[in-house]
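Based on the provided sequences and hints, a complete structural model is requested.
Its first residue numbered 6, the sequence shown is counted upward by one per residue in the working numbering.
None of these hints come from the bench; they were simulated from the model.
Take the hints with a grain of salt, since some may be wrong.
Here are the simulated DSS-like pairs of lysine-lysine, each with C-alpha atoms no more than 27 Å apart in a straight line [said to hold, decoys possible]: (1) Lys52 / Lys66; (2) Lys83 / Lys66; (3) Lys56 / Lys66; (4) Lys51 / Lys62; (5) Lys81 / Lys66; (6) Lys62 / Lys76; (7) Lys62 / Lys74; (8) Lys62 / Lys75; (9) Lys45 / Lys62; (10) Lys72 / Lys62.
Ranges between beta-carbon positions, derived for each pair [what the hints assert, rightly or not]: (11) Lys74 / Lys45: 40 to 46 Å; (12) Glu64 / Phe13: 30 to 36 Å; (13) Lys56 / Ala82: 34 to 40 Å; (14) Phe13 / Asn57: 39 to 45 Å; (15) Leu80 / Lys51: 40 to 46 Å; (16) Lys74 / Lys51: 30 to 36 Å; (17) Asn49 / Ala82: 45 to 51 Å; (18) Leu54 / Phe13: 41 to 47 Å; (19) Lys45 / Lys76: 32 to 38 Å; (20) Ala17 / Leu60: 41 to 47 Å.
Backbone N, C-alpha and C fix where the C-beta goes; we use that ideal spot for every residue, glycine too.
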Amino acid sequence: MKLASKHFLLIAFLLSSFAFYGQEQVYTSNSKNTTILVHKHSQNLKKDLNKNTLLLKEEIKENISYKGKKKELSLKAKKKSELSLKTTEVSVPRTTIDFF
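Structural data, given as structure tokens:
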């Protein structure tokens with residue numbers, strides 16, 4: 006039983022090392038096809054990065070404009086409330102006293 010488990014571990018180790026070796030070969034090979042594949046992969050990554058960057062920039066702009074609009078609206082509301090307070094202060098009726 007112990008011998009079988011040792012063989013199993015040895016076989017698993019060898020298979021995993023071959024799998025990693027094969028992956029390294031794909032990326033370090035100097036063949037034309039592999040270079041083209043790696044180049045296309047890097048171009049796709051660059052496109053994805055650029056797309057994500059643009060989306061992030063748009064999201065930031067929208068967030069800033071939203072905050073700006075929110076701030077403008079709050080300032081308008083504040084001015085309007087101040088204006089309404091001023092008009093209520095001004096529109097208080099005066100009492101007139103007649104002297105005869």
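How the hints compare with the structure:
Between lysine 52 and lysine 66 the alpha-carbon distance is near 21 Å, which keeps this suggested pair within the 27 Å criterion. Restraint check: the Cα-Cα separation between lysine 83 and lysine 66 comes to about 25 Å, which is no more than 27 Å; the hinted pair holds. Taking the CA atoms of lysine 56 and lysine 66, the gap is about 15 Å. The hint holds against a cut of 27 Å. At most 27 Å may separate the alpha-carbon atoms for a hinted pair to count; lysine 51 and lysine 62 meet this at roughly 16 Å.
Between lysine 81 and lysine 66 the CA atoms are separated by roughly 22 Å; this keeps the pair inside 27 Å, and the hint holds. A hinted pair counts as satisfied when its Cα atoms are at most 27 Å apart, and lysine 62 with lysine 76 qualifies at roughly 21 Å. Between lysine 62 and lysine 74, the direct Cα distance comes to roughly 18 Å. Compliance with the 27 Å bound is thereby established for this hinted pair. For a cut-off of 27 Å, the pair hint linking lysine 62 to lysine 75 stands: about 20 Å separates their Cα positions.
With a CA separation close to 25 Å, the supplied pair lysine 45 and lysine 62 stays within the 27 Å bound. Restraint check: the Cα-Cα separation between lysine 72 and lysine 62 comes to about 15 Å, which is no more than 27 Å; the hinted pair holds. At roughly 43 Å, the beta-carbon separation of lysine 74 and lysine 45 lies within the given 40 to 46 Å, and the hint holds. Here the CB-CB span from glutamate 64 to phenylalanine 13 is close to 51 Å, at odds with the stated 30 to 36 Å.
Taking the beta carbon of each, lysine 56 and alanine 82 are about 38 Å apart, inside 34 to 40 Å as hinted. About 44 Å separates the C-beta atoms of phenylalanine 13 and asparagine 57, a value consistent with the hinted range of 39 to 45 Å. A hinted range of 40 to 46 Å holds for the C-beta pair leucine 80 and lysine 51, which are about 43 Å apart. Distance hint check for lysine 74 and lysine 51: the Cβ-Cβ separation is about 34 Å, which falls inside the suggested range of 30 to 36 Å.
A hinted range of 45 to 51 Å for the beta carbons of asparagine 49 and alanine 82 is consistent with their spacing of about 49 Å. Separation of leucine 54 from phenylalanine 13 is about 43 Å and conforms to the stated range, judged on CB atoms against 41 to 47 Å. Take lysine 45 and lysine 76: their Cβ atoms lie about 46 Å apart, and the range 32 to 38 Å is violated. Checked against the hint of 41 to 47 Å, the C-beta distance between alanine 17 and leucine 60 comes to roughly 43 Å, which is consistent with it.
When each numbered hint is compared with the structure, violations occur for hints 12, 19.
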